[in-house]
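In case you want the letters, here they are:
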Amino acid sequence: MIAVVDYGVGNLFSLRSSLEYLGQTVRVTGDPAVLAQADRLILPGVGAFGDAARQLRDSGLGEAVCREADRGKPLLGICLGMQLLFQGSLEFGVHRGLGLLPGWVRPIAESISPGHKVPHIGWNALHFLRRVPLFRNTQEGDCVYFVHSFHAASVPDALAVTDYGGVLTAAAGRDNILGCQFHPEKSGRVGLGILQAFCE
Amino acid sequence: MITKRIIPCLDVKDGRVVKGVRFAGLNDVASPVELAQYYSDHGADELVFYDITASAEGRALFTDILTQTARRVFIPLTVGGGVSSLADFERVLACGADKVSVNSGALRDPDLIAQAARRYGSQCVVLSADIRRVSGRFHVFWGGGRRDTGLDALEWLRRVVALGAGEVVVNSMDTDGVQRGFDLELLQKVVEAVDVPVIASGGAGSAEDFLTLFTALPRVDAGLAASIFHFGQVRIQDLKQQMAARGIPTRLGL
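Taken in sequence, the protein lines are chains A and B. Following the numbering used here, the numbering of the first sequence begins with 1 at its first residue and continues without gaps. Following the numbering used here, the numbering of the second sequence begins with 1001 at its first residue and continues without gaps.
Keep in mind the hints are simulated off the structure, nothing from the lab. Careful, some of the hints might be misleading.
Covered stretches of chain B (chain A as the covering partner; in silico rule of three or more C-beta atoms under 8 Å from a C-beta of chain A) [claimed, not checked]:
1. 1062–1072
2. 1085–1091
3. 1193–1202
The beta carbon of each residue, even a glycine, is placed where N, CA and C say it ideally should be.
Build the full structure now, drawing on both the sequences and the hints.
Given below as structure tokens:
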């Protein structure tokens, strides 16, 4: 069973639908006991880092996610959910994240040349720095769908980058802790292939 | 490089695609679910569902088919048509829409844009405008493009972007339906006026029109069309091959 962590932010319809399409049993849950039973966890999220980090802390779900991750359970953060895996973010102030991966989330404007619109919205190509099983169904140059204004800049565990007038971190991970800045649930067959690989 | 998006638009009435679709290989060409899946499988980068139903029953059918589509099609879905309140946003987002397109609803109450952007984020709020030349200026029209608001189109678009619209769809009524190419003059002014993604609509009659659009105006992010895709005049995969051959960034995989 795959648990999608529901901490009150974002629309989880597509994520649930895509996992069910792949034949997975999905629980969208804010219950730490269900997270403990799950085989794998997905941490989704859209919106502001500060609000999301606070919700995770106040609900105790952040702690529960870290506990499961420390036990070695596969964890995939998506979009803001990926950013929350890091030490913190400089989005409108300084906010602490879950600290499961080293590095900080910074405005993409610092990484790209002037004249590029922010947010970075649309389909862009993946360039792999390291190959891990999460991308066993994905090829160099495959396009995925991004919507974001911040990213985990120059982090040591970057797995893939994308080019948007500068280098943006597209995926990162270490052992069982994985994150995608893009939305695999909105990235067509390529995205389904990534979710499939995570589920296996 | 971010790729230029190709977006088919489906007009849906009482749960069915209208304007007639001529495709081989589809069991039910008026089924929005089948057509959406077909486009997704043939390279569309995003889909727009436009609800042109007037009745409550039609609206219920629309949300039902939207839900069915969103369960099977995993590319971004934008929904428009009759959106005039936060409750309308909530209704279609709960059915799996990723973005909501607002037109007349924002003209009646511009604050709807600000409220929706605060609640759902700017990435979710698309402003669509029907624009036509009136004595040398560009005016915004409403009521399905029948009535002149008197508003200057560029001022209106700057205003809604300041309020929080994350993308704008520019529908030129002067070129719409004529199939002689996008309204490059208008679009040039729009990309100079706003710094959010601009989606060109109205006038596409051939693949060449898209190539001209993206070559002449590299700051335009996407091209939207309906009948040329529905009638098979332009096949999206062929169009994308031609874009790639001209050096226009495009997504060739699925």
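Verification of the supplied hints:
With a threshold of 8 Å between beta carbons, the proposed coverage of the segment 1062–1072 of chain B by chain A holds, since 3 of its residues qualify and at least three are required. Counting residues of the segment 1085–1091 of chain B whose beta carbon lies closer than 8 Å to any beta carbon of chain A gives 0, which falls short of the minimum of three for the stated coverage. For the segment 1193–1202 of chain B, the stated coverage by chain A is satisfied: 3 residues place a CB nearer than 8 Å to a CB of that chain, which reaches the threshold of 3.
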